[in-house]
Amino acid sequence: MLLFSRQGKLRLQKWYVPYQDKLKKKVTRELISTVLTRKPKMCNFLEWRDLKVVYKRYASLYFCCAIEESDNELLTLEIIHRYVELLDKYFGSVCELDIIFNFEKAYFMLDELMIGGEVQETSKKNVLKAIQAQDLLQEDGNLDFVKLPPTGFSEKELLS
Amino acid sequence: MPAVKGEGMRGLAVFISDIRNCKSKESEVKRINKELANIRSKFKGDKTLDGYQKKKYVCKLLFIFLLGHDIDFGHMEAVNLLSSNKYTEKQIGYLFISVLVNETSELIQLVTENLKNDLGSRNPININLALHCIANIGSKAMAEALGSEVPKLLVSSDTIDQVKQSSSLCLLRLYRTQPEAIPKGEWQNRVIHLLNDQHMGVVTAASSLIHDLALTATDDYKGAVSLAVSRLSRIVTSSYTDLQDYTYYFVPAPWLAVKLLRLLQLFPPPDDPAVRGRLNECLETILNKAQEPPKSKKVQHSNSKNAVLFEAINLIIHHDSEPNLLVRACNQLGQFLQHRETNLRYLALESMCHLASSEFSREAVKKHLETVVNALKTERDVSVRQRAVDLLYAMCDKSNADEIVGEMLDYLESADYSIREEMVLKVAILSEKFAVDYTWYVDTILNLIRIAGDYVSEEVWYRVIQIVINREDVQGYAAKTVFEALQAPACHENMVKVGGYILGEFGNLIAGDPRSNPLVQFNLLHSKFHLCSPGTRGLLLSTYIKFINLFPEIKPTIQEVLKNDNQLRNADAELQQRAVEYLKLSVISSADILATVLEEMPPFPERESSLLAKLKKKTGEAGGTIDEKEPGKEKKEKKPQQLPTSIEINNVGESSTDEMAAAPPTLSMDLLGLDNTPASQPSVMSLFDTTAAPAAAPMNNTAAAPTNGAIFDVFDPTPAPGDVTSLTPGAEESFKKFICKNNGVLFESELLQIGVKSEFRANLGRLGLFYGNKTSYQFANFSAVVSTPETLQTALKVTTDQVGTVIEAGAQVQQMITIECLREFEETPILHVQFSASAAPEEIESVGSGVRQFINVKVPVMISHFFSGVAMTSDDFFNRWKQLSLPQQEAQKIFQATTSMDTEIDKGKLIGFGLTLLTDVDPNPDNFVGAGIIHTQESQIGCLLRLEPSKNAKMYRLTLRTSKQLVSQRLLELLLTQF
Numbered sequence: 001m002l003l004f005s006r007q008g009k010l011r012l013q014k015w016y017v018p019y020q021d022k023l024k025k026k027v028t029r030e031l032i033s034t035v036l037t038r039k040p041k042m043c044n045f046l047e048w049r050d051l052k053v054v055y056k057r058y059a060s061l062y063f064c065c066a067i068e069e070s071d072n073e074l075l076t077l078e079i080i081h082r083y084v085e086l087l088d089k090y091f092g093s094v095c096e097l098d099i100i101f102n103f104e105k106a107y108f109m110l111d112e113l114m115i116g117g118e119v120q121e122t123s124k125k126n127v128l129k130a131i132q133a134q135d136l137l138q139e140d141g142n143l144d145f146v147k148l149p150p151t152g153f154s155e156k157e158l159l160s
Numbered sequence: 001m002p003a004v005k006g007e008g009m010r011g012l013a014v015f016i017s018d019i020r021n022c023k024s025k026e027s028e029v030k031r032i033n034k035e036l037a038n039i040r041s042k043f044k045g046d047k048t049l050d051g052y053q054k055k056k057y058v059c060k061l062l063f064i065f066l067l068g069h070d071i072d073f074g075h076m077e078a079v080n081l082l083s084s085n086k087y088t089e090k091q092i093g094y095l096f097i098s099v100l101v102n103e104t105s106e107l108i109q110l111v112t113e114n115l116k117n118d119l120g121s122r123n124p125i126n127i128n129l130a131l132h133c134i135a136n137i138g139s140k141a142m143a144e145a146l147g148s149e150v151p152k153l154l155v156s157s158d159t160i161d162q163v164k165q166s167s168s169l170c171l172l173r174l175y176r177t178q179p180e181a182i183p184k185g186e187w188q189n190r191v192i193h194l195l196n197d198q199h200m201g202v203v204t205a206a207s208s209l210i211h212d213l214a215l216t217a218t219d220d221y222k223g224a225v226s227l228a229v230s231r232l233s234r235i236v237t238s239s240y241t242d243l244q245d246y247t248y249y250f251v252p253a254p255w256l257a258v259k260l261l262r263l264l265q266l267f268p269p270p271d272d273p274a275v276r277g278r279l280n281e282c283l284e285t286i287l288n289k290a291q292e293p294p295k296s297k298k299v300q301h302s303n304s305k306n307a308v309l310f311e312a313i314n315l316i317i318h319h320d321s322e323p324n325l326l327v328r329a330c331n332q333l334g335q336f337l338q339h340r341e342t343n344l345r346y347l348a349l350e351s352m353c354h355l356a357s358s359e360f361s362r363e364a365v366k367k368h369l370e371t372v373v374n375a376l377k378t379e380r381d382v383s384v385r386q387r388a389v390d391l392l393y394a395m396c397d398k399s400n401a402d403e404i405v406g407e408m409l410d411y412l413e414s415a416d417y418s419i420r421e422e423m424v425l426k427v428a429i430l431s432e433k434f435a436v437d438y439t440w441y442v443d444t445i446l447n448l449i450r451i452a453g454d455y456v457s458e459e460v461w462y463r464v465i466q467i468v469i470n471r472e473d474v475q476g477y478a479a480k481t482v483f484e485a486l487q488a489p490a491c492h493e494n495m496v497k498v499g500g501y502i503l504g505e506f507g508n509l510i511a512g513d514p515r516s517n518p519l520v521q522f523n524l525l526h527s528k529f530h531l532c533s534p535g536t537r538g539l540l541l542s543t544y545i546k547f548i549n550l551f552p553e554i555k556p557t558i559q560e561v562l563k564n565d566n567q568l569r570n571a572d573a574e575l576q577q578r579a580v581e582y583l584k585l586s587v588i589s590s591a592d593i594l595a596t597v598l599e600e601m602p603p604f605p606e607r608e609s610s611l612l613a614k615l616k617k618k619t620g621e622a623g624g625t626i627d628e629k630e631p632g633k634e635k636k637e638k639k640p641q642q643l644p645t646s647i648e649i650n651n652v653g654e655s656s657t658d659e660m661a662a663a664p665p666t667l668s669m670d671l672l673g674l675d676n677t678p679a680s681q682p683s684v685m686s687l688f689d690t691t692a693a694p695a696a697a698p699m700n701n702t703a704a705a706p707t708n709g710a711i712f713d714v715f716d717p718t719p720a721p722g723d724v725t726s727l728t729p730g731a732e733e734s735f736k737k738f739i740c741k742n743n744g745v746l747f748e749s750e751l752l753q754i755g756v757k758s759e760f761r762a763n764l765g766r767l768g769l770f771y772g773n774k775t776s777y778q779f780a781n782f783s784a785v786v787s788t789p790e791t792l793q794t795a796l797k798v799t800t801d802q803v804g805t806v807i808e809a810g811a812q813v814q815q816m817i818t819i820e821c822l823r824e825f826e827e828t829p830i831l832h833v834q835f836s837a838s839a840a841p842e843e844i845e846s847v848g849s850g851v852r853q854f855i856n857v858k859v860p861v862m863i864s865h866f867f868s869g870v871a872m873t874s875d876d877f878f879n880r881w882k883q884l885s886l887p888q889q890e891a892q893k894i895f896q897a898t899t900s901m902d903t904e905i906d907k908g909k910l911i912g913f914g915l916t917l918l919t920d921v922d923p924n925p926d927n928f929v930g931a932g933i934i935h936t937q938e939s940q941i942g943c944l945l946r947l948e949p950s951k952n953a954k955m956y957r958l959t960l961r962t963s964k965q966l967v968s969q970r971l972l973e974l975l976l977t978q979f
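Listed in order, the protein sequences are those of chains G and X. In case it helps, our numbering puts the first sequence at residues 1 to 160. In case it helps, our numbering puts the second sequence at residues 1 to 979.
Just chain X, same shape as in the assembly:
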């Protein structure tokens, strides 16, 4: 038994001891259940409990909750404690509420009442309790109920310091939760002056509040700059004895110093030369202090000193205007790179990444190349190695690309699995970006595939092919190198893909050498054929038909292979079809036609590398936001949008219908160059007509789902009723129709039409779905349900009305869906409709009758629907634009126009998208500039847009900036499809 001192809650201590004495999980659970039953009966019992008992039981419940058990009662008793006049009872009540009651609880109303009382109390201790509680659980509703009280407390002259501190941070919480609920007013100016307050604690608390307030309204808080600078200056120049208890291990007020430095990072360098000079002095002093011998050996001393230093360096990087300071910062970090503290090495690598992007310090950073490479090789902690990779990537340019890429390749062989894919992407990007000699680029990528084939994503090998095709000077070399690489006994499938493609296009360039004559090339490729996946086999079959064109002398050999039952009767429809068609093509067409059909690929239009997008996404994904439960699933969803640059090759490599459907029409040329040689197209098509091959579908690859559909027709007597779960063809297209408007037809077939009318206000939306039966018979067992992917469930609250199970012939039924947007999201809920078309027996032959129909379409709701437009002045716009200048806040894309580029139409689309268009902001009147706010329950996300059409080039550049990476990206993806 533990000794009990004082008059604490003895019962609680005994209970805790009991729990700790439990030998097994079972006995613990038993003891807890016993206690829960006891408390429950006490709460329900006839005897009224006194405050002490309530407090004790509530406390026990808390403890049980902390052990990981769910607590579903006692809330009411805790709320009762709030109105107790005994301090400890009140305190425990608030603690219980803070830990156990969440925003949505029904009790919040009662709690808010109590909070109001306590805020109005004359006893500062009660006020503080209430403030702490609000700061802990502050919800939207609370912000609305109490948002005007707290600012008053903060600036009132008779508020004591402690309450000022609590109310600053309490207000901060409310402001973060619901900025609109805080009334604007005089207090805002007074808040800035808290930076001058005598009490350091008050300044510390207030500077956090000012930071967030200024985040969205920099102009209104400009006055804070000079105050913050002078406060900072007083801190850094004070000796450690001046600030008494605010000195932490000989470092004067490190927390306040860091907060002030962060506040200053919201603003540009001060305009006033005096303030600016003073600030630079501060920064220099901080850098100087880093060189002084430590005043204490304690790690706390160096940590807090360096915390201030790193924050100062962040500010120097943010200003990016003082070359002298930037170089000094870089040298300082250079010292840390070799420090024995792992933490410092980690932070130095991270911070240097930012320095590498400044023109002033770039060269200084490059001096540390060797040390960084060394870190990559010798650091024992993978998170530090990761930072080293990032820094190498950031500091790479033409002068050192050779070395950096070489080192990264070297390291890749032993790199941790967790960072390999990212490294592969980085190597691929660097080697392309800084290639002086493209043979080096080809070597590097092939090496990459050899060393880390499994981690080479499709984008990487698509890209190398694009580059080889576009650069004549490297084609022969590429063919030779890839031929050599393929001779390795075991080579990665990605190598086979690149090899197959390149030899198919440029194999003729090396066929003169007897060691790589046509037959040798073919045999080499074909020796890998049986080891490959269907996708690769399909690609190889295309290579073979190209070989027939390039090397007529081996035509018989290849025809033999195509004729083989393994091909002609392959269970995989795509492979079978290719074999049949290619064989027929080789038999019946003349050399001329073959040459035209199988002409060399035309150069790809120059585009931004898809690798960068992939890397961006990859890093985003590795991070992921806290609510993404299945990053993998999301990746799949997004794939169609990010593939456009490589879609051409993809069409042959795979037959994924989704991706084809998503390919922008202008990019839909295929491997065989059909669409690019329109003259030959009719003849080829007629050729197929006469051969009665199963279908010519894969040749005109623009249709959405031809491959599967065609095969179904041949082998399945009933029309394909549609898959049970996968999206119905065309779903993606109709979803896109709703990006810029709210009403329209979501789905239409011979049987059914689904129309949509929707309206949105703030974070709420209502969708009316109209199901129209177009047939002359009844639909039975009709059901329409909405499913939300797991990752969406924390972002959207979707409520769907029931619909009747029968739709009479020609009738229309309506279903309402209400949607509440809790936080930003990118996926879409899916609407699953199924029904039986119950026709009379004699009609059984008619379309779709008697067959269970499944329709799965995307519910047309996307983040942009929760927009409300915002009008602002040109100045405001540019200020906000500048504030959102972090790379992850911006999403940008340059793309080919697929529409007529009509100004009025474009304007209509942007307005339909939900933005307010701002005129007289952009100096170029042809450009569109818009602003809006996305409302979610959790936050308001400001969004700025700029769309720059270039009619001559028939291109657009679209830029979106929001405070959230996910939102910028998603809005960009959505809008891209509309122009």
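Pulled out of the complex, with its shape left as it was, chain G reads as follows:
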């Protein structure tokens, strides 16, 4: 799973199959350029090598998953959406900057939603509960993320 911006900057990467670093970079480059050249009205799926790519754009950020032949495309789209909802709920009107500054949180949240490339928990409540439980374990109990006031166009809320 890859998250990247409209400018082609990678924001988050998660690999569920082991690849060499070189190959990872190559795949990333290829996917970003393939997805960025597609027009808005086109369908969200495409065949890519022996995999299927499912992607969706939220404001300035693209979420992109490569799935296997037998996986369900529409539901992959909704996993992406659920992930965005979770981020939104947690950060409160999430925007790209939140993910940049709190990338580790974004990772933890993804781990709660999916493990090893398979959905583990689809209930929003349960995932957030797990994340909040983690936060409570912080030394001082404070929320451990940096929230920036939204300004400028690159900080558009993803769910808008």
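These aren't lab readings, by the way, just hints derived from the structure by calculation. It cannot be assumed that every hint is accurate.
What the hints assert, rightly or not - Straight-line C-alpha distance at most 25 Å; calculated DSS-like pairs for lysine-lysine:
hint, chain 1, residue 1, chain 2, residue 2
1, G, K25, X, K140
2, X, K140, G, K14
3, X, K140, G, K89
What you are looking at is a predicted structure, and each value in this text was computed from that prediction instead of being measured.
With the hints as your guide, set chain X onto chain G.
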């Protein structure tokens, strides 16, 4: 400056802001380097860092890595964080490990220790962290170290739900990585019952695990069927309020529903009528719901609802037993074909392709022909158009072939470049398969060449010629049509090839018409001659000599052309040779001899169309696997094997020695029909002897490299030492010797012998190469290196020992090569040997002395060497056989036997290939059935084989099924050469 809330890592936030404030790439790199230096000195410094600082720096490193920079330190500090008792420190440590440490790292040992500790911890939060980490990077070694711990956690009664979820999926990862490392046991039965668990999250996670476990052992998990059906039934009949937070935009538990539907696709329709009835009810309910008005306008609602629907349709197609459901599914998809959502149109086209192959729904699919054609013409997204092409291809039969082929041809003129070649192949296949009237077929193919000549691959025009030659009724028509097509001022070279060939064979059928009399035909063809590539020119020269036979009246004109310096002194050896020989043939042989030599081509034996193979490969290639870096290169490699059906024509069209060498001996008749008229052969040969033409080589085309070799002899005083990089002649043949055995001679010349002894165990192999100097002088500057094509580098790890640079006269040196198979592969590493035979000066004349020798041979290692045989019962075999029933998992070929078909010999070959032969499996005792597992580091690939000899017809049918298309194909290619 951003406002900082809470007590997060301030330093990190500041650093990220700094990076974002950088105006240029250079300043960013500068800032990063500064930070890296800072962190490095902190890590190296005397002051011990506290947990917080370590965490902060490790986090910064992570961020730098995410920006695309390489990180080569800090791993140790991250591992230290793992044993921290502060949760956030541990968590960041695991994150770093998950993102940055790969399977092969030396630190894995340490990480595994920490994982073990955390798994054994009493704190579920720590256990979960460890499970997540394993699920992220789980390697073989980890599977071995932790494979027995995780199942215990999964089924233990005091495990909390969250840990159950994580451990299911963690186990799944380990199982995918190294199935053997997971001990079998009681837990397997308990896992099935997780489908009944109260916690929906647990069921969701467990169903993924059960799916994969059942994939290879359907029988052991039969019990899951009824549980999955009842769970599914409870979901689809519940209202959206029942499942609370597991309802997603008014759709009850879509993820779980889809997983259950996929799990059920591993099994045949349930035997128990009650279960079966319940399942069909579920499927009907899902189809009914699709007709209900949406509960929400949100796209999330319709997406998840339709995701369940499509998966249900997949299950209906998989069962292929309920006509009513199949037709309903088809009608539903028909509605989607016109939906305004592009995604749905795409998926509907894709899904309908599968429906088209079911006898129950075939007719229903055909009703949508018009809509699909429309999609092809109007869809704005090429990936959707591609799906439309696929569907048209799938739904085509005799009743609509005319229309579909017509529409595809129409569309081809404006089609996207990316899909043209595939479309051309599809049109060619359909028009052949469903031709009622072969004039229509000829028209279609010629149209194809006219519209999309550049995309017409050789197989397509080879095939049309084969068909015309085999069908007398269409020959006159073909000659006439192709003659007309050639009159276009600009016509594609492929048209010239087809035209040249067909007129050469059947031009006489239209010569009665003054508008296409012999001279007109000849002039028409010759007017294209200078525009064509050497290959085509060669073909045209053959046409000309055939014209001399067909139309003696224009013999002088043609002889003039052959005599022209452009031909007789052509720089291209092949063309020159043809011109010289054909000219001589026309001068000295009587009409009788000419008629015999140039007799009409005999019909081709009926064979499976090579186009299908090509299409299969083409689609495979367009997809390609992720590790194929140069599909083009691979295509070239494979070419010899896929050409056999068209090799006859090829021999004349081109002089590629590789391809000739690869032609099975039985197919080696050539254009002139020499081999088919053995009576005339001696006379022709003696004819050439008296003429002292440079060489008669191209006439007996079975020798491997005669053309080039012969010319070398004439013009080059030194014997050809062999090319620097291309394969040494015969390399392909000796490679084949190692398909069914491990030891033998890989190469032998007057100077050098290379022997091979090899042994393989699991995914490891060791090859001993023995270089024997057969001469009486020393070899100097000897070197032997192995190169692996780039595409192979992710599949094979090859380590080669050094050898000394000198081999004394008569001596033998040994070189060891170790090979580790990481994943499946089809290419071969190449062994490059070079040396100087340093003879004394007076011996300089002797063979090869003083000349740098280059030998390039294929290292005899192929995927089949990593086989280990598997014995199984008849039931097991058939179950597995059925599981591997997807078209891409199977590779099959019917072919002419080239051996004596001796049962014992064949048996020996299959055992040598690495399979365990299974007796009492196939009802026909003459057939061979075998099973084996290919070991690669990445996975174990089960492989089933069936070889059916038919002694009467002297044919074999060979079928291979494995879970990977590439492997099935490759094994088939390898084995084909052995029978």
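Right, here's what the structure says about each hint:
Proposed proximity of K25 (chain G) and K140 (chain X) is supported: the alpha carbons are some 23 Å apart, at most 25 Å. A threshold of 25 Å between alpha carbons decides the hint, and for K140 (chain X) with K14 (chain G) the separation of about 20 Å falls inside it, so the pair holds. For the given pair, K140 (chain X) sits about 37 Å from K89 (chain G) by alpha-carbon distance, which is inconsistent with the 25 Å threshold.
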